[in-house]
Amino acid sequence: MSTIFTVFGLLNLPSNITLYLDSLIDGMKLHRLSIDENESLAGLGAQSEEVSLRDDPRFRRTPDGRWIPATSSLANDLLYDQLSTSPLSVPDIIERLEEIEERIGVHTVFCPADPRFVLTGRYLRLAAHELSDEPHIEPTLEVDWQYVTHLPLLRLEDVAGWKTPVDEGDDVLEIEDVLAGYSTEHLNEQVSGWIRVHLNRPLNERMFIARIEDDSMLGESDGVGSCDYALFTYQTRESETGEPVLVRGINGQTGEGFHCLRQIRRDGGLIHLEPRNPDRRLYPLLVLNEMDGDYLEIVAELTEVLNRSSYVRAPKGSALIDDCRAKRQRVSQMAVKVAHFFDGGGVPTVESGEEMRARAVCLKPAVGCLQIEIGPLPKFPKFIRQLRITGDGWVRDCDVEAIRHRTVRVVVPPWTRRLSWQAVGFEDDELIDLSKLEVEALVKDRATVFKLDLEEKGLLVRDPRLRQSESYRLLISPDLLSDLSGPLPVTKIEAGWSIWELGEIAAYDRKELVERLIELGVELREEEMQLGFVLIPPVEWCRMGEDNPIPRYLTTTGLVLSLMGMAGGEEEWVLLLVSDQGYQMQPLPADGTQLLRLQDLKPGCYGVEIYDRGETRGAMRLFFEVVEQPPGYPKAGCRMAIGEEWYEFKAGEVRIAAPADLRVLDRSASTGESWMSPTVQIEAPSGWPLTVYWRSTKLETLYRSNADEQGGFDMAALLEATRHRRNQQIPGDLIFDLRELGRLIIPHRCQLDLSAIQEELKQLVHVHATTVQRGQGEYLTLIPLWFEPILKLLGYTIADGPQADHVAGFRVLRLIHEESTPGGYVRQVTRLLFLVRELSAEIDPQLRREMDQILSAEHLRDSLLSDGMRWASRRCRSTLPVRVRDLESTIEEPDGFLDLLREMGEGI
Amino acid sequence: MTSIESITPQDGYMLLYELTGADPTRSSAVAELVRHLVSSHSPWRYQSLLGEVTRLIKPVREIDSEEIRLVIEALEADGDLVVNGGAIHATPIRAIRLDGQSLRFMSSLPTKRLADLFPGSWSCQESTRSCQPADSSRIEMMLRERNGALLTPEGWAGLDYEPQADEDWLAGVESRMLTDAFSPESEVFDHRMTWQWLKYGETSLRWEKAPAPQSARLWRGINLRGYWVYALTRSGSPIEMEWLKLARNDAYRAIFALARSRAIPVPVRLELGGAGSNHDTVVLTLPPVLPYAEYRYLTALANSRHSGPHGVRWWLNRARAIPVVEILEKRLGVKFPSWPPQVIGQTGLPFGD
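Protein chains in written order, with our numbering: chain A, 1 to 908; chain B, 909 to 1261.
Simulated from the structure, these hints should not be mistaken for laboratory data. Careful: at least some of the hints might be erroneous.
[As the list claims (entries may be wrong)] Listed next, the in silico DSS-like pairs over lysine-lysine satisfying Cα-Cα at most 27 Å (straight line): (1) A:602 with B:1020; (2) B:1107 with B:1117; (3) A:492 with B:1153; (4) B:1153 with A:364.
Make a model of the complete structure from these sequences and hints.
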């Protein structure tokens, strides 16, 4: 037994094993490759099971499970980098390791178990799976290898050589020159690089490689599509085998040049340029007519579509790779996202189950702010009339008919278990699956996050990480609130739950906010990358589904994007712009903040994506629309309907409508019989202020409000606010004031007909006769109950009279009559009413004198007298007996009733 | 092919200058941005609009919410927006025919779009926009075709239908306290507010933070939704006393009504201005809290105005000044110095402060 001292401690091993390991490490230092543990310890026979190289610190395990001396350098990564940049090289591994060792001064080894490599004998190359499907493109190449082992990569546009429009001065490649063997110097300037090919044909200078630009020649089962590489041969004749040819031509009518890859079919004087792709919308059939001046020239024939064994492939991740297919996939994915996003506003259907959903929203904090939003679901099964949501011990019903046509919100209390739905009347029908409408339970142990949209409606989000750029509302359970270390500015709602109206995050001190949020189980995201629209405001916001307001920009202004937080990494950022017009890609420098101006946009729907080519960080996307015309704007006009008659307001002017009995407006509000009653409606610009005044002898404000988003007003509230005035007999003007957009005055003229007055009097007598007879002299009770309504029917309002409290034996009231005169409204006391205990035809002289004094002092001549049921009129200083009328009997006699009105009424 | 171009903040500054027609650091540029936004979507929630303006302008400058709030107030007073509590609405095109052929335009539409609709020589001063139309004879027809309205100064001001700031009106407002008042410190706005009280200073009216005297009745506080809320109490703070929420117009009218009822002088000035010895201009200095009708009356009659630290200075032709002074004294209860006014000469020119 001997002891080996190691830096980690002591190993007690039999001496023969120690000697074996000593010789193994010495041997490894003379070699260049890693060793397999089992193979290397096989020499120990049965003792090999007692030994592990892991226990001896002189050995180090490679990532691929083999062993090298701990002091040696493993060169695999370095070699991988070298081969990635020059995949054509097949280095001698020993020579390459010696070179590295000489450079770094440390014994250098290679691990052949590394799956990235294939080691054949002494020669090393990259494994096939490390190579992409794209060709390895060498930017420059020695002339000796050009057209010998390599062919040039050209763009078809450059080969065709004609720009649009064709300029006579353009240096156009003459194909005949190429075919005649003249130098291709002209084209060499356009060469994108050289590709080493493995073809079963000798190479020559008429050949070149091009990447196909579109899918025009991609048939249903064959052909060549976008991103494919193909071998072309210059020629001026049509393909004998019907292969596609690259043509260039001039449209005789427009003079515009063009080039394309097509099959040619001649039909008399017509030349058909036929795409293989059957999608004629994208790839229409071109027909040229030489008689019309159309010109066509064949440039090259597509000789062979190259597959990945036809050329040396570029390693994955190579900086030189132009990974067309990956780009194409990203573009098509983004195109799908754009289409999906802009189709998102479409009406959801019950068939497309994903769109049938209900969601929780939180409106402005108050009781009832938690609501479940559902609809519109136009194809919801018609036999279902009612849906029922069930929560924690409560149920709420909602009408399916409404849900079919619009979004319906149902007010619900906070819920701590999943909300389930049932179709009322079909609770046991298993075929009705409403599980997609279910809404998750609110969490109690952390705040529930509602993100605010432009309308400040909170939309429930599951992610408890808040973004700096957004606004939020947090719903807090009672338990969580009681556990907090300090008070929060919350609003209490139902069942002890509270809402913290957090608003815009950016407005807070970050440190303080983070501390409060941690207590609520919510995080604030670290400074993150942000993509947003800045500087140029959209010309319109398209609602298309309330969650996703889409900005619209004008073609003339374009837009500016702001990118923030891109600094620091080794990412290669790319901007991808996709629309129904096509796509564009542009690499972006990884600056911290960038402003990108997008101009010359055509009308359409767009999506912009900023992504990292290495996909180390997530992509950011925005969607927008471009339009040619700005939207409309509010109209400076208002109108009001009463019944079927519309009154147009005229800006800056006052319009006076025909006098009307405005009591009629109530009928529609109270009975709802709009089919037979007048309706009232006012239309104004959204948000416009309306003031309704009552003007008689003075101006009185009755109602103030602003138009809703549709330009309407709460007519029930307006009618309620004006009801008192409209129901009085006193004339006045109801003024609808829409500020400078105009004012409408409707004079109110109560048009009680005699029979209506008689009926109302009868009703008063019927109801109050007994009270009046019993309570003679109880003026406090009788005035509002009896005298005031009767006097109102006679055309008066009342006010306290002079010395009312000091005159014995009677009480005096002033009777006021208001009337409309050409000079305006006049309000004046026209008579006095003397309330006496008992009225008879002969009036006590003392009482008569006192009445006359009061009338004289008031400069009045006429008075009424009443003890309740009996009424009389009297002129000042008259000594004649008065004619006493018993109301109960008078109103039953047609003539007597008319006499009563004539004698005692005013303005009837 | 779409042009995608990286631009610098300086380019952004110029772009915003071009878009708004004003230096982005000036309030007129902010006003133009607000008009753009309100024309693109209506109504905006107050807080959302503050956030959107801040976000749009951020690459060029940091902006304080208070600055945007002042711009929104000015636009509302000038008739370009309607603010209803927390909602901001777009407005239609209205034009007032001023002296000569000049028109004053009120609309939420951005100035460039208005100028496209009504060709002419346009000028903007603060939030006010005027135009000398290229073809004055057709302006009425053009307005009609563009769903707009042509107004007279009287039709615009609407003084006949707005109450005077007097005790009668104040009593009417106070009577609402019986039914509509909030209890002390009620959190009707979801959160406690920091209230400021109106101090009638000798040279200006100021909103001050506590401590307030018990006689302080008019208060304001910023709601978390971003806008000012005005409150009237019988006396003392809304934290301790019940209070009535007032619309801004009513609050501004209450400022004058309270002053009139308590015989507190409101700081106003009346001066003669104009170049040389001509003195053909009268300059009225009034607090920046005029109720809408009176404000509109002045905007229709004044040649120009300029906001300064002690109020807003209104330049009027001398011939118009006397009736204007009379109306303001009658309606608001303010007392201008007796005629003839003090001469301020050149310093009275716009932007002379």
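Legend entry - Hint numbers not upheld by this structure, sorted from lowest to highest: none
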